[in-house]
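Undergrad: These are the residues of each chain, in order.
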Amino acid sequence: KAGVTQTPRYLIKTRGQQVTLSCSPISGHRSVSWYQQTPGQGLQFLFEYFSETQRNKGNFPGRFSGRQFSNSRSEMNVSTLELGDSALYLCASSYPGQGETQYFGPGTRLLVL
Amino acid sequence: GDSVTQMEGPVTLSEEAFLTINCTYTATGYPSLFWYVQYPGEGLQLLLKATKADDKGSNKGFEATYRKETTSFHLEKGSVQVSDSAVYFCALSLRGQGAQKLVFGQGTRLTINP
Chain A
32 KAGVTQTPRY LIKTRGQQVT LSCSPISGHR SVSWYQQTPG QGLQFLFEYF SETQRNKGNF
92 PGRFSGRQFS NSRSEMNVST LELGDSALYL CASSYPGQGE TQYFGPGTRL LVL
Chain B
144 GDSVTQMEGP VTLSEEAFLT INCTYTATGY PSLFWYVQYP GEGLQLLLKA TKADDKGSNK
204 GFEATYRKET TSFHLEKGSV QVSDSAVYFC ALSLRGQGAQ KLVFGQGTRL TINP
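If you're matching them up, the sequences are chains A and B in order. Just so you know, this note's numbering puts the end of the first sequence at 144, numbered straight through with nothing missing. Just so you know, this note's numbering puts the end of the second sequence at 257, numbered straight through with nothing missing.
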């Protein structure tokens with residue numbers, strides 16, 4: 032089975048722009064979660080989607096948003112980018128019945144200039 | 144709130160040394176516990192997990208036991224290899240109304256010298 036895939040792998044944007052990141056979960060997985068990883072704050076939970084509904088949200092400003100499609104693929108969007116949004120954005124998927132085990136993609140590295 | 148605390152890094156060992164990375168947690172209820180590993184330039188890989196007290200997770204020579212009485216989940220390996228050099232994250236999983244969320248420790252960078 033193919034693992035979690037994320038596109039693009041690298042991205043450079045400037046302050047004030049917006050960005051959309053994409054995540055395709057493992058086939059059959061219906062839950063998709065997003066995390067932000069930075070050297071200063073570590074790994075922080077952004078949000079989780081299940082069956083196209085946001086079930087849980089972390090403590091991030093409204094500039095961070097996401098959605099999930101009927102095929103379980105997910106996107107996250109960051110509007111009005113700030114320098115502090117530079118990070119590795121990780122997506123993880125899980126399968127109902129396998130408990131809370133989440134499987135991660137390789138991440139998208141975003142650099143905001 | 145719920146949190147995970149890992150031993151400070153970086154940790155540097157010689158090949159074939161014994162490894163322990165300490166992890167303690169604070170949580171309401173009974174979380175599941177995980178160790179993930181991150182190699183340079185990659186995402187997180189699940190190393191092992193335990194879902195209830197006294198469970199032992201194991202994989203690739205690594206082990207960790209869920210200790211409810213000490214709220215700990217320490218990672219151990221009897222003989223490390225150069226290829227074990229990576230960053231290790233301890234995490235707990237919270238469930239609320241079916242939603243899933245991982246809370247991570249700060250990570251411990253491990254370097255193994257030949």
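No wet-lab data here; the hints were simulated from the structure. This structure is a prediction, so every number in the text was calculated from the model and none was measured. Careful: at least some of the hints might be erroneous.
With a cut-off of at most 27 Å between alpha-carbon atoms, the simulated DSSO-like pairs for lysine-lysine come out as follows [stated by the list, open to error]:
hint	chain 1	residue 1	chain 2	residue 2
1	B	K211	B	K199
2	B	K199	B	K220
3	A	K88	B	K195
4	B	K195	B	K220
5	A	K32	B	K203
6	B	K195	B	K211
For each label pair, taking beta carbons as the anchor points, the in silico distance ranges come out as [what the hints assert, rightly or not]:
hint	chain 1	residue 1	chain 2	residue 2	range
7	B	R252	A	R40	39 to 47 Å
8	B	E212	A	E113	41 to 49 Å
9	B	T254	A	G71	19 to 27 Å
10	B	Y182	A	G47	27 to 35 Å
11	B	D197	A	R98	39 to 47 Å
12	A	G34	B	V225	21 to 29 Å
C-beta: ideal position from N, C-alpha, C; glycine also.
Undergrad: Confirm or reject each hint.
TA: Results of checking the hints against the structure:
1. A threshold of 27 Å between alpha carbons decides the hint, and for K211 of chain B with K199 of chain B the separation of about 12 Å falls inside it, so the pair holds.
2. For the suggested pair K199 of chain B and K220 of chain B, the alpha carbons sit about 13 Å apart, so the restraint of at most 27 Å is met.
3. For the hint pairing K88 of chain A with K195 of chain B, the CA-to-CA distance comes to about 25 Å; that is within 27 Å, so the pair holds.
4. Taking the CA atoms of K195 of chain B and K220 of chain B, the gap is near 21 Å; set against the 27 Å cutoff, the hint holds.
5. A hinted pair counts as satisfied when its Cα atoms are at most 27 Å apart, and K32 of chain A with K203 of chain B qualifies at roughly 21 Å.
6. Note on K195 of chain B and K211 of chain B: the hinted pairing holds, with a Cα-Cα distance of about 8 Å set against a maximum of 27 Å.
7. For R252 of chain B paired with R40 of chain A, a C-beta distance near 23 Å fails the hint of 39 to 47 Å.
8. Our hint of 41 to 49 Å for E212 of chain B and E113 of chain A holds, since their Cβ atoms are close to 44 Å apart.
9. A hinted range of 19 to 27 Å holds for the C-beta pair T254 of chain B and G71 of chain A, which are about 21 Å apart.
10. At about 34 Å, the CB distance of Y182 of chain B to G47 of chain A agrees with the hint of 27 to 35 Å.
11. Checked against the given bound of 39 to 47 Å, the beta carbons of D197 of chain B and R98 of chain A, roughly 41 Å apart, stay inside it.
12. Separation of G34 of chain A from V225 of chain B is about 25 Å and conforms to the stated range, judged on CB atoms against 21 to 29 Å.
The structure shown violates just one earlier hint, number 7.
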